[in-house]
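*Asks:* The lines below spell out each chain.
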Amino acid sequence: MPRIAVFISQRLVKAVFVVLAIAVFNFFLVHAAPGDPAAVMAGEAGAADAKFVEQLRQQFGLDRPLYEQLGTYMGKVVQADLGYSYRQQRPVFDLLMDRLPVTLSLTLTSFVLALIGGVALGTLAAMRAGTWSDTAITVVGLTAYATPIFWIGLMLILLFSVNLGWLPAFGTESIGAGYTGWAALMDRVEHLVLPVVTLGLFYMAVYTRLTRASILEVRDMDFVKTARAKGLPEWRIVSVHILRNAILPVITVAGFQAGHLIGGSILIETVFALPGIGRLAFEAVLQRDYQVLLGIFLLTSVVVVIFNLLTDLIYSLVDPRIEVAP
Amino acid sequence: MTAAVITPSRRGSGFWRAFARNKGAVLGLAFLLLIVLMAIFADVLFPTSPWDMTAAPFEPPFSEDALLGSDTLGRDIAAGIAHGARVSLLIGLTSTAVAVLIGVCLGAVSGFYGGWVDDAVMRFTELFQTIPNFVLAVVLVAIFTPSLTSIVLAIAIVSWPPLARLARGEFMSLRSREFVQAAVTTGQSNLTIIWRQILPNSLSPIIVSASLMVATAILLESSLSFLGLGDPNLMSWGYMVGAARTVIRQAWWMSFFPGIAILLTVLALNLVGEGLNDALNPKLARKGRA
Amino acid sequence: MMTVSNSNASLLDVRNLTIDLPRGADRPFAVEDLTFTLERGEILCVVGESGSGKSMTAHAVMGLLPKAVKVSSGGIRHDGTDVLSLPERDQRALRGGRIAMIFQEPMTALNPLMRVGDQIDEVLRYHTTLDRAARRARVVELLASVGLPEPDQLRRSYPFRLSGGQRQRVMIAMALAVEPDVLIADEPTTALDVTTQKQILELIRDIQVKRRMGVMFITHDFGVVAEIAHRVAVMQKGKLVEIGPAAEVLNRPQHPYTRQLIAAVPHLIEHREAFGDERKPVLTAEKVCKTFHIGGGFFAPSRKVVAGNALSLTIRQGETVGLVGESGSGKSTLGRSIVGLIKPDSGRIMFEGVDLLSLSRTAFRPYRRHVQMVFQDPYASLNPRHTVGDIITQGPVAFGEDRGRALEKAKALLKLVGLDASAAERFPHEFSGGQRQRISIARALALEPKLLIADEPVSALDVSVQAQVLDLLEDLRHRLNLSMLFITHDLRIAAQICDTIAVMQKGSIVEIGPARDVFGNPQHAYTRQLLDAIPGKGWTIPEDVMSTGRHGAALRTSA
Numbered sequence: 001m002p003r004i005a006v007f008i009s010q011r012l013v014k015a016v017f018v019v020l021a022i023a024v025f026n027f028f029l030v031h032a033a034p035g036d037p038a039a040v041m042a043g044e045a046g047a048a049d050a051k052f053v054e055q056l057r058q059q060f061g062l063d064r065p066l067y068e069q070l071g072t073y074m075g076k077v078v079q080a081d082l083g084y085s086y087r088q089q090r091p092v093f094d095l096l097m098d099r100l101p102v103t104l105s106l107t108l109t110s111f112v113l114a115l116i117g118g119v120a121l122g123t124l125a126a127m128r129a130g131t132w133s134d135t136a137i138t139v140v141g142l143t144a145y146a147t148p149i150f151w152i153g154l155m156l157i158l159l160f161s162v163n164l165g166w167l168p169a170f171g172t173e174s175i176g177a178g179y180t181g182w183a184a185l186m187d188r189v190e191h192l193v194l195p196v197v198t199l200g201l202f203y204m205a206v207y208t209r210l211t212r213a214s215i216l217e218v219r220d221m222d223f224v225k226t227a228r229a230k231g232l233p234e235w236r237i238v239s240v241h242i243l244r245n246a247i248l249p250v251i252t253v254a255g256f257q258a259g260h261l262i263g264g265s266i267l268i269e270t271v272f273a274l275p276g277i278g279r280l281a282f283e284a285v286l287q288r289d290y291q292v293l294l295g296i297f298l299l300t301s302v303v304v305v306i307f308n309l310l311t312d313l314i315y316s317l318v319d320p321r322i323e324v325a326p
Numbered sequence: 001m002t003a004a005v006i007t008p009s010r011r012g013s014g015f016w017r018a019f020a021r022n023k024g025a026v027l028g029l030a031f032l033l034l035i036v037l038m039a040i041f042a043d044v045l046f047p048t049s050p051w052d053m054t055a056a057p058f059e060p061p062f063s064e065d066a067l068l069g070s071d072t073l074g075r076d077i078a079a080g081i082a083h084g085a086r087v088s089l090l091i092g093l094t095s096t097a098v099a100v101l102i103g104v105c106l107g108a109v110s111g112f113y114g115g116w117v118d119d120a121v122m123r124f125t126e127l128f129q130t131i132p133n134f135v136l137a138v139v140l141v142a143i144f145t146p147s148l149t150s151i152v153l154a155i156a157i158v159s160w161p162p163l164a165r166l167a168r169g170e171f172m173s174l175r176s177r178e179f180v181q182a183a184v185t186t187g188q189s190n191l192t193i194i195w196r197q198i199l200p201n202s203l204s205p206i207i208v209s210a211s212l213m214v215a216t217a218i219l220l221e222s223s224l225s226f227l228g229l230g231d232p233n234l235m236s237w238g239y240m241v242g243a244a245r246t247v248i249r250q251a252w253w254m255s256f257f258p259g260i261a262i263l264l265t266v267l268a269l270n271l272v273g274e275g276l277n278d279a280l281n282p283k284l285a286r287k288g289r290a
Numbered sequence: 001m002m003t004v005s006n007s008n009a010s011l012l013d014v015r016n017l018t019i020d021l022p023r024g025a026d027r028p029f030a031v032e033d034l035t036f037t038l039e040r041g042e043i044l045c046v047v048g049e050s051g052s053g054k055s056m057t058a059h060a061v062m063g064l065l066p067k068a069v070k071v072s073s074g075g076i077r078h079d080g081t082d083v084l085s086l087p088e089r090d091q092r093a094l095r096g097g098r099i100a101m102i103f104q105e106p107m108t109a110l111n112p113l114m115r116v117g118d119q120i121d122e123v124l125r126y127h128t129t130l131d132r133a134a135r136r137a138r139v140v141e142l143l144a145s146v147g148l149p150e151p152d153q154l155r156r157s158y159p160f161r162l163s164g165g166q167r168q169r170v171m172i173a174m175a176l177a178v179e180p181d182v183l184i185a186d187e188p189t190t191a192l193d194v195t196t197q198k199q200i201l202e203l204i205r206d207i208q209v210k211r212r213m214g215v216m217f218i219t220h221d222f223g224v225v226a227e228i229a230h231r232v233a234v235m236q237k238g239k240l241v242e243i244g245p246a247a248e249v250l251n252r253p254q255h256p257y258t259r260q261l262i263a264a265v266p267h268l269i270e271h272r273e274a275f276g277d278e279r280k281p282v283l284t285a286e287k288v289c290k291t292f293h294i295g296g297g298f299f300a301p302s303r304k305v306v307a308g309n310a311l312s313l314t315i316r317q318g319e320t321v322g323l324v325g326e327s328g329s330g331k332s333t334l335g336r337s338i339v340g341l342i343k344p345d346s347g348r349i350m351f352e353g354v355d356l357l358s359l360s361r362t363a364f365r366p367y368r369r370h371v372q373m374v375f376q377d378p379y380a381s382l383n384p385r386h387t388v389g390d391i392i393t394q395g396p397v398a399f400g401e402d403r404g405r406a407l408e409k410a411k412a413l414l415k416l417v418g419l420d421a422s423a424a425e426r427f428p429h430e431f432s433g434g435q436r437q438r439i440s441i442a443r444a445l446a447l448e449p450k451l452l453i454a455d456e457p458v459s460a461l462d463v464s465v466q467a468q469v470l471d472l473l474e475d476l477r478h479r480l481n482l483s484m485l486f487i488t489h490d491l492r493i494a495a496q497i498c499d500t501i502a503v504m505q506k507g508s509i510v511e512i513g514p515a516r517d518v519f520g521n522p523q524h525a526y527t528r529q530l531l532d533a534i535p536g537k538g539w540t541i542p543e544d545v546m547s548t549g550r551h552g553a554a555l556r557t558s559a
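Heads up: the sequence lines are chains A, B and C, in that order. Under the working numbering, think of the first position of the first sequence as 1, with each following residue one higher. Under the working numbering, think of the first position of the second sequence as 1, with each following residue one higher. Under the working numbering, think of the first position of the third sequence as 1, with each following residue one higher.
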């Protein structure tokens with residue numbers, strides 16, 4: 001088998017194990033929740049008499065031994081059955097699928113924006129290390145890194161929607177405006193600007209710091225001296241020799257942070273009233289709808305695992321030494 | 001090429017001199033002391049409970065009975081910020097302490113013993129690193145009902161993996177260093193080796209990470225209470241911003257000032273962390289600079 | 001691409017060059033008032049110990065000085081043109097075009113993410129007008145000319161696939177890409193094994209003759225100097241102390257520093273008498289085997305590295321056994337197995353009638369004190385946070401000795417290894433590399449071992465310090481009647497200090513015998529190859545330098 005194929009299949013097997021482990025963890029969380037699950041469910045369904053609770057207990061196999069319940073649960077998870085939300089009167093999986101597109105478009109756009117912006121700014125700062133532009137980028141980065149994203153969101157709304165009136169603050173489209181075609185698309189894009197910027201800003205700060213540090217480290221390496229000794233022009237030394245090597249740790253961290261990004265979307269969707277997974281999570285928290293909450297937990301974990309697979313793939317394309325990586 | 005022409009200063013007064021060379025770090029430390037004093041003397045500064053109505057609702061800032069304005073129920077924003085400092089610092093510090101305990105123990109065992117122990121611990125750590133951390137924190141706090149303990153534990157549970165990896169890396173590289181091998185050949189026990197040879201040498205990166213982790217923990221706490229998952233008996237900055245969310249058009253100050261408090265505290269902690277890094281890891285820090 | 005040369009001028013003319021160090025450094029100048037020339041068709045060796053400014057000089061010529069370091073006066077002319085005053089653009093054309101450089105560490109000098117062919121191609125792209133096809137042909141031709149096999153395939157390899165020697169060849173091919181007239185080689189063979197070093201030296205000499213290049217060859221090793229130099233410049237603390245034709249400097253050195261350096265060069269002449277079989281063995285290794293498994297997982301099989309293949313040897317009372325071999329030959333593995341840092345797969349290690357390998361951790365512990373180790377890296381082998389006194393007493397204290405008594409003994413030991421007793425209160429960073437190695441030896445002796453394992457104890461030290469530490473070890477083993485296993489890659493050092501020599505190659509001992517026999521009449525082809533590769537074996541250190549210089553070095557024991 002070619003080395004890349006070996007590497008990818010190793011990662012795939014690992015990903016499957018990770019997802020299964022998270023599902024098991026999820027199962028125990030359900031059981032760790034205080035109170036009798038059947039009683040909780042009955043409460044959610046709005047009927048709390050003992051007979052109904054007993055009926056639920058039998059229906060969901062809650063009277064069976066734990067390992068048997070685990071087996072049943074895993075069987076259902078494999079079939080994408082994440083349970084039923086009595087509050088919303090719908091299967092959890094359907095609820096999630098409805099909400100997923102908004103969250104994916106929000107997080108992916110933010111991620112791409114943050115990565116491009118962060119690498120560009122980090123490179124600029126590192127190349128001018130010690131000058132005022134480096135200081136400015138570092139200070140702005142430090143501040144963005146210290147700011148709670150939900151608060152940035154609110155402040156941007158205050159500035160751009162309330163005071164300046166340039167951009168819409170809530171939702172994904174102007175309700176009742178009746179836009180079609182191009183106008184409808186632009187309307188949707190306008191609604192995404194503030195949330196994407198808010199979520200992206202924090203991670204842009206992270207990638208800026210990382211890129212800057214990585215470049216400063218690579219800049220002093222022997223092979224850069226070799227490139228200088230070859231008489232190459234400075235731009236080529238930076239782009240081909242320094243940047244390509246400096247980007248590797250940024251990719252690694254970006255992969256690790258996919259999960260954080262999705263977590264951040266809970267806050268962003270709450271602030272901007274976007275109907276995504278995050279908003280659903282907020283509603284589930286308010287209503288104590290554990291089935292939905294745990295479904296979200298499992299789904300977001302799967303999304304992160306897929307994302308990690310993608311970064312592994314990118315990494316293996318950039319770095320020829322993958323067999324050396326653990 | 002110029003081996004050892006620059007001799008780094010070490011320990012003792014050298015530490016403070018190196019720390020003080022970083023202006024931002026000194027500024028951060030000063031501000032942090034201010035916040036700590038505010039938290040300690042919150043009851044003296046604002047004797048009435050931050051939950052009590054002390055002014056008319058929706059008073060703008062700089063009004064007579066509410067310096068930073070009042071909220072929808074006429075509660076003093078300034079009093080809320082002073083009392084909220086306690087919660088932020090308390091949760092930030094304790095959850096970091098718990099996370100350091102978990103992370104360093106797992107990382108140390110993993111890095112020192114290597115082999116299958118290392119494999120098992122690292123798979124476990126990777127699993128926790130894959131799980132979206134904020135989602136897990138929300139789930140944990142929601143399921144175990146919001147309280148000081150559940151919040152601290154949830155934050156610790158989602159924060160320890162990076163520390164475990166760091167401690168593992170340190171222990172692993174130190175484990176194969178010659179002075180540790182010399183300790184093995186001179187017959188010192190494993191416990192002595194971990195405690196006297198390895199731990200003191202791996203402490204400085206761990207201290208730096210921990211100081212930065214306090215900042216992250218405060219951000220996490222504020223995010224949880226923003227979503228309404230704070231301890232219902234304690235006034236906190238995140239809760240204040242969350243409560244102000246729906247009235248942002250009418251009362252900007254309600255969300256503005258608590259947010260500034262979070263921002264400055266977290267910024268100060270990050271600056272102090274960087275200063276510590278400069279002072280404790282002079283070689284790395286020099287790389288990070290020009 | 002080449003300008004017509006101004007044939008009267010020297011190829012390289014460095015005049016009154018002074019380079020400032022940044023404030024806070026341990027001296028004001030990296031290089032002070034340095035003057036020398038390099039002519040067409042000659043190899044000039046610049047020799048000096050670490051910190052002598054020899055590398056700085058080379059970097060100044062290339063315009064590669066670090067930002068904090070500046071040329072404050074003097075000039076560098078290449079073929080009549082003042083290099084330092086050229087605009088950046090022309091300096092770039094000079095670098096890689098007419099002056100090329102190769103570095104010490106081939107493992108890190110190539111970009112890990114770029115195919116080696118592309119890295120050579122880059123030079124051609126920026127210094128010639130050749131088109132893509134012509135450049136490709138030239139890359140293949142260059143790779144072939146430095147003796148690399150299957151150049152057309154190798155062109156597409158990434159650096160991590162190549163060995164150190166191969167990478168250094170790629171570096172040389174890259175340096176030769178546009179036929180420069182000056183080649184600066186900064187310790188190009190220091191990181192390589194002796195047999196590879198020999199090949200690279202031959203390659204550089206060949207190319208230099210063929211192309212009539214001027215080569216500035218920086219080294220710390222007088223053996224290498226004797227091998228290739230036409231002229232020699234000796235530097236000490238930034239100043240040039242002696243310059244002249246190689247035969248003059250090597251055989252009739254004038255400056256005391258040069259004499260001291262030459263006297264410290266390890267040499268093959270001190271063959272000892274064979275060590276008798278009649279003394280009782282202290283330790284016997286019998287058929288010790290160890291295989292390392294590297295990498296591997298679900299789909300990829302792990303790579304096997306045989307570090308020990310049925311290794312057997314005996315160390316007798318008072319005997320020093322030398323274990324020599326190139327990197328990766330498994331010599332350290334045997335040493336580490338004896339002190340219990342590595343668990344071999346099979347075999348026996350008999351010590352006083354007990355098989356150490358059969359013992360459990362706790363049962364092994366009492367034996368630890370009898371076998372002690374001195375490590376290679378003086379900077380990594382002492383805990384930076386403990387005082388020297390602590391470091392030396394930790395062993396005895398772990399074996400139940402009273403701390404006060406242990407400290408008294410530690411102070412006596414410090415005196416024994418040539419340091420002051422007050423050193424006990426200080427921290428390791430206050431000492432030089434040589435002094436640290438003395439501390440390391442004191443720590444090993446604190447447990448009163450019967451056997452000392454010395455794993456490359458002097459290879460991280462400058463030559464003059466090397467000689468002193470070797471003298472100390474030699475002295476101690478006579479005084480304390482120690483047995484020693486001395487692990488080294490340097491046959492010259494082994495020849496000086498060992499009674500018995502075991503030669504290792506790829507995990508096996510290929511030859512073992514009295515030092516005099518192994519060096520005088522080697523049986524195995526590999527031993528002959530190793531001996532043949534020793535640089536400067538045709539040169540005999542002049543007798544008068546030997547006696548005076550050696551004596552002078554021995555007096556300064558605290559270096």
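Honestly, the hints are just simulated from the structure, not real lab data. Yeah, the Cβ is synthetic: ideal placement off N, Cα and C, and Gly gets one too. Among the clues, some could well be false.
If the Cβ cut is set under 8 Å, some of the chain A residues that face chain C in the computed set are [what the hints assert, rightly or not]: (1) Glu68; (2) Phe223; (3) Arg228; (4) Ala229; (5) Pro320.
*Asks:* Looking back at the numbered hints, which does the structure fail to meet, lowest number first?
*Replies:* Violated: hint 1 alone.
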